[in-house]
Amino acid sequence: MTNSLFGPLHDVAEEAGYADPPERAGFFTDTSVCIGCKACEVACKEWNAIPEDGYALTGMSYDNTGALGASTWRHVAFIEQSAPREVDQGDGASRWLMASDVCKHCTHAACLDVCPTGALFRTEFATVVVQQDICNGCAYCVSACPYGVIDRREDDGRAWKCTMCYDRLGDGMEPACAKACPTDSIQYGPLDELRERARERLGDLHDQGVTEARLYGEDENDGVGGDGAFFLLLDEPETYGLPPDPVVTTRDLPAMWKWAGGAAAALAGCVAVSFLGRR
Amino acid sequence: MVPRAEFGSYYGRPILKRPRWKAPHMPGYLYFGGLSGAAATMAAMADATGRRRLSLTGRLTALTAAAAGSALLIDELGRPERFLHMLRVFKPTSPMSVGSWVLAAHGGLTGAAAASAVTGIAPRLGRAAGAGAALTGPVLATYTGVLIADTAVPAWHEGYRHLPLLFAGSALASAGAVGMAAVPGREGAPARRMVVLGAGLELAAAGMLERGKGMREEPELVSEPYRIGRAGALLRYGRALTAAGAAGTLVAGRSRTAAVMSALAVTGGALCTRFAVLYAGHASAEDPKYTVVPQRARVTRA
Chain V
29 MTNSLFGPLH DVAEEAGYAD PPERAGFFTD TSVCIGCKAC EVACKEWNAI PEDGYALTGM
89 SYDNTGALGA STWRHVAFIE QSAPREVDQG DGASRWLMAS DVCKHCTHAA CLDVCPTGAL
149 FRTEFATVVV QQDICNGCAY CVSACPYGVI DRREDDGRAW KCTMCYDRLG DGMEPACAKA
209 CPTDSIQYGP LDELRERARE RLGDLHDQGV TEARLYGEDE NDGVGGDGAF FLLLDEPETY
269 GLPPDPVVTT RDLPAMWKWA GGAAAALAGC VAVSFLGRR
Chain R
-10 MVPRAEFGSY YGRPILKRPR WKAPHMPGYL YFGGLSGAAA TMAAMADATG RRRLSLTGRL
50 TALTAAAAGS ALLIDELGRP ERFLHMLRVF KPTSPMSVGS WVLAAHGGLT GAAAASAVTG
110 IAPRLGRAAG AGAALTGPVL ATYTGVLIAD TAVPAWHEGY RHLPLLFAGS ALASAGAVGM
170 AAVPGREGAP ARRMVVLGAG LELAAAGMLE RGKGMREEPE LVSEPYRIGR AGALLRYGRA
230 LTAAGAAGTL VAGRSRTAAV MSALAVTGGA LCTRFAVLYA GHASAEDPKY TVVPQRARVT
290 RA
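Residue numbers (this note's numbering), protein chains in the order written: chain V, 29 to 307; chain R, -10 to 291.
By construction, these hints were calculated from the structure, which means they are not laboratory data.
Each hint should be verified, as a subset may be incorrect.
[To be verified] The following label-pair restraints were derived from C-beta to C-beta distances: (1) R:113 / V:77: 42 to 50 Å; (2) R:218 / V:200: 47 to 55 Å; (3) R:113 / V:44: 40 to 48 Å.
Using N, Cα and C, we set each Cβ at its ideal position, and we do this for glycine too.
Chain R on its own, in the form it takes in the complex (with noise of 0.2 Å):
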């Protein structure tokens, strides 16, 4: 447990604002652009691999899931019907904006991969689709991790060495998870690898973020929205969802029942982290203590 931390403040307000962004939109389109990015590389090496089905269920899953997190993105603004100005300019020092136009790319090509699969129509232009959705997915996956570390919300910011990572491993698991639900047998097997590898880095990654592991300043205090309150508790939750997932894929081999039901607990772990992560950073800017109490052991320090 942090000791209870002494700071000055103005009556105890927040010095931050509390980030506008909200659930279920934001940690869904966190859970849906990964998903879609990890489906589409999935998809990709299936179909090099020759295995037909997990190829078209990756495929599907990658436009679908794109399809809802820009849905989810658009829905968040503000002025939704403003949508396209994310692309009137390209600005490499904003996060969202190389997001925007990744987005942008991966579902067109998404798009084109699903449909010419769907319908046989060009199968060499929908390969070739397939196989660049593959490059821009695990962009597309880990970029929020930027997106939401580029910001002055302390346990965001601190945790940007961790965060693309964590959504890397989570969103390896859900779109293993949509495989191996959809595509039972030999055929599924690189899926349930997939979920199985993931979890693991998802895991690992939650442990480091919720420890505070590599982080420069007060890294106890910076961690702590992970550690405690809605946050705390829906990481727990998401950490004994995504191990059962694993575990259960692991020892159900085949078993069709086995694979959903450990799809749908990978799934649920991935959308407890999701979720408890805006919540962290809700927490960190709410309370001024997280961004006093660093800040002035810096200045004391120097």
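Same shape as in the complex, but just chain V (with noise of 0.2 Å):
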């Protein structure tokens, strides 16, 4: 139980209880090869019978979806830049950068801890997913997420997100986005050998001179543990609305209750008070 509510965790899912649970499996988006064609956030709508999400342009470049949402669970930004790099590419140089963006499967996923239903669980591949026979709608995964993901759909009243196509996994099948990426910007594989194959990638860009090039979510020691969906990116992560440096909200849960209880005493101690002395 050591780590269980922030820290780095080895066994994700032996934790939650798996015995013997398969290899822990993840999204690596390497955004670098990605090409903005959305044929994930369609394979996605697709595979799960989303509902659509409009066909407008949010007003900023080619983005329809602008962010994760109840019916969006792979977005794709396109971040339009001038002459941001230094490395010369002539006058006038600009850039665009485009990411697949998806639930990260947290290792602490503040979402699954606060939901008081138990609808939130992690599955033996060591992702979260919403039941959504038992979600009532509380919403209170919504304001939990440190990345902006899960959401409730207003219409049904029950919060969605992204469940690594779930069904897919347990039938030795890749994600459906995974699966229609012509770039391999998405790939789905064990955690582990996506974080080789995303160093020496990173390698790579490096020695090519993309001095901009870092992982983001691949670090056990960071905030949440590490994602299961990590990404590699061309530019700070608030670029493409990511939070820099997210960390899971009950890190500080001990301490809370902690305040509450001295609140409580507060409260008692004063109404015992306020009956001292004579009739």
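Please assemble the complex out of the two chains, which come individually in their own frames, going by the hints.
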């Protein structure tokens, strides 16, 4: 039970009570090869039968979904930058950053920890899934997620997010988004293997002079104990709409209960004091 | 005034989701939960010290407020008909799960205590239930601070030291207000003292929250949502009402009119404070600067 609220956790599924679980699987999203085709968004919607988001562009770039949400489980961000790089690309150089964002399936998932019904649960693959017949729509998970991923769908009152295609994993298939990605920007596989591949790719990019390349979410010593879905980025995380240093809210939970205990004692004490003295 | 924050973001869009909890449900639940908790404790003390009218007032208030709070809580669910799923499991990592069990226990105990007090049936069981509710009451009144602090919303999370005390003080004042309005004269004296003590705690905690005292990272920025906009205005109104109500309570003594006026002011102050906390949370989730700037500062420092 050590590190059950915060910190590195090596056997996530085992910690959740699975005996002899399969190897932890995850996503590695290499944004340096993303071409912004949105095949992942479409494949996700098709496979999971998610309602449409509308066809209007947001007005910024070619983005029509804007952010992850109850009916957007993959979101492709488009960032247009002019002359951002020190590498000489000629006058007026500009570049597009594209990145397919997804639920991070955190090692310490705040959404799962705060869910009061058990609707959110840890799967045997160490991913995080909502049981839709249990969710009562309290929306606690919505406010707890440090990445702003999960959301409540107002017309059906339940919370929804990426399941990493739980149904496909069970049958030995890869998630629909990874399957549909034409450039292998989205890779699915055993997390350790993906991390190794990502570090290799990062080294190659650095050798090519792409010094701003960095990994995001792969470190098990970060604020959420490492993500089950991590990224190779070409700029600061916040440029892509990702928090620079997210920390799972339960890290401070013991301290929170202590402060609340003190406040409860203060309340009881004040009532008692108020009743002192003669009648 | 905090200087304009320089930070990167994705076209200025929020990083966090805006809390789905809304007005008047969420602030209403916080108010009624606090009122019920403190009233139950007041009733038990009044009962133990032979103040029968104050005890009956406390019992009825505790039951009514617990029922009203539960109704608001259930109505705020996206699937209200599935409310009982809250009691499927007990999860210590979920303050809402803990709170649901506390609310259920407290509701049952206040119901039994009030029913016995009104009907005169099973007085000893009623008193025992009342004593039990006096123990669940302070928990019900303060766990809500953990409930909203155990989120990624910066203004709520970083306020985890202040929010329980803020709600405790506000609950004390609210229950005292009902007690002093309903029970005039000498018997209502403890209720009046509760108002003054509670208002003092509420004002002190709100002041620390507004100034970001004790917050770790970028306190001036993270506490900003409590000072500006709708939340800031409501906290200022709340402070004025609470202070006026407490002052009225001190000087008015046993005048019934002054007691009712002061009680209304204190109640208004408690409600303003709860709405302010909700809106501060909305504001701090909607603007990415409250998420990015403190985290970026932490990364740069490391």
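Task: Range hint compliance [Cβ, residue 113 of chain R to residue 77 of chain V, 42 to 50 Å] - done: violated, 59 Å
- [ ] State, for the Cβ atoms of residue 113 of chain R and residue 44 of chain V, whether the hinted interval 40 to 48 Å holds or is violated.
- [x] holds, 46 Å
- [ ] Confirm or reject the claim that residue 218 of chain R and residue 200 of chain V have a C-beta distance inside 47 to 55 Å.
- [x] holds, 52 Å
Of the numbered hints stated above, the single one contradicted by the structure is hint 1.
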